[in-house]
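Enquirer: Sequence:
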Amino acid sequence: MIEKIHLSILREIDRQGSLTAAASRLNLTQSALSHSIKKLELQTGTSLWLKDGRQIRLTEAGSYLLEQANRLLPQFDRIDDTLRQFANNEIGSLRVGMECHPCYQWLLKVVQPFLAQSPGVDIDVKQRFQFGGMAALFNYDIDLLITPDPIQKERMVFEPVFPYELVLVVSQHCKLNGLTEVTPAQLTDQVLLTYPVETARLDIFQQFLLPAQCMPKLHKTLEATDIILQMVAANRGVTAMPKWLALEYANSLPIDIIRLGDSGIHKHIYVGYRKQEKLNNHIQSFIALAKNSGTALR
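So in full-length UniProt numbering, spot 297 of the sequence shown is number 297, and the numbers just go up one at a time.
Any given hint might turn out to be false.
[Claimed, not checked] List of simulated lysine-lysine pairs, DSS-like, C-alpha gap at most 30 Å:
| # | residue 1 | residue 2 |
| --- | --- | --- |
| 1 | LYS243 | LYS126 |
| 2 | LYS126 | LYS109 |
| 3 | LYS267 | LYS126 |
| 4 | LYS267 | LYS243 |
| 5 | LYS220 | LYS175 |
| 6 | LYS39 | LYS4 |
| 7 | LYS278 | LYS267 |
| 8 | LYS38 | LYS4 |
| 9 | LYS291 | LYS153 |
| 10 | LYS38 | LYS51 |
| 11 | LYS126 | LYS175 |
| 12 | LYS109 | LYS267 |
| 13 | LYS126 | LYS153 |
| 14 | LYS243 | LYS217 |
| 15 | LYS153 | LYS175 |
| 16 | LYS109 | LYS278 |
| 17 | LYS153 | LYS275 |
| 18 | LYS278 | LYS153 |
| 19 | LYS220 | LYS275 |
| 20 | LYS220 | LYS243 |
| 21 | LYS51 | LYS39 |
| 22 | LYS175 | LYS217 |
| 23 | LYS275 | LYS291 |
[To be verified] Derived Cβ-Cβ restraints for the label pairs, each shown as a range:
| # | residue 1 | residue 2 | range |
| --- | --- | --- | --- |
| 24 | GLY92 | ASP203 | 32 to 40 Å |
| 25 | THR199 | LEU83 | 48 to 56 Å |
| 26 | TYR64 | GLY92 | 35 to 43 Å |
| 27 | LYS39 | GLN68 | 14 to 22 Å |
It should be emphasised that the hints constitute simulated quantities derived from the structure, not laboratory data. Source: prediction; values computed, not measured. All C-beta atoms, glycine included, are put in the ideal place defined by N, C-alpha and C.
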């Protein structure tokens, strides 16, 4: 029975002091205002006000409704304002899933300008999923998935953000240092350091070592990029990572970069999202910034 207009009428009568002034404030005719309240009184079976000459005196029920109007209308106003902000893409959230361990540093180059141009939008980055990144995207646990290995599904869209080359990173004291390219056989006496990802998803194995039926002397996993490269710099092992990331560290660490094979291993970073959200402005803004930042890394 109760509508927002009923609450607004009582609040404006209390504020303005008369039906005429309240009707003007609400852009209603006095007749329409009175009819609206009369209809509510018939529905509720109780009077909300009594006329005393030109004055209006609220009944006990009317006073109760005015009290509720003063409590609820500010909440309605906040709801209206929040919905307007959503409509204008001024607020919201973006949950980004990562299936690319070495891409975290790159992601920071995207997050900073994204937050700057979208001050009302929060962003969260998730790097681990119980059932994998695709499942998290499919189940609405994340809004975007950053991955070098997209799985094409009918309800998903994967846009290429930027290409990169996977390279071998070695210490300047490693015997491989100075080579322009390396063969799989040359890694059979090396300790290979990787992120803690299953071998089936490591390109250094799937696209380089296993096709040549080669394995490293030892395979160790470490969580952090900084630690992996510190270990490499200390000649405790070699690692494979995107060339752009290795170049960032090459300025401060005694490491060298070597191509994997004569043609190299070339990959793309993709950003995936649900097809139904193709027009989501937050998603498209993020992708545009991601492509721009990727251009700077080439």
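Enquirer: Going back to the hint list, which numbers does this structure go against?
Expert: Of the numbered hints given earlier, those the structure breaks are 11, 15 and 19, listed in rising order.
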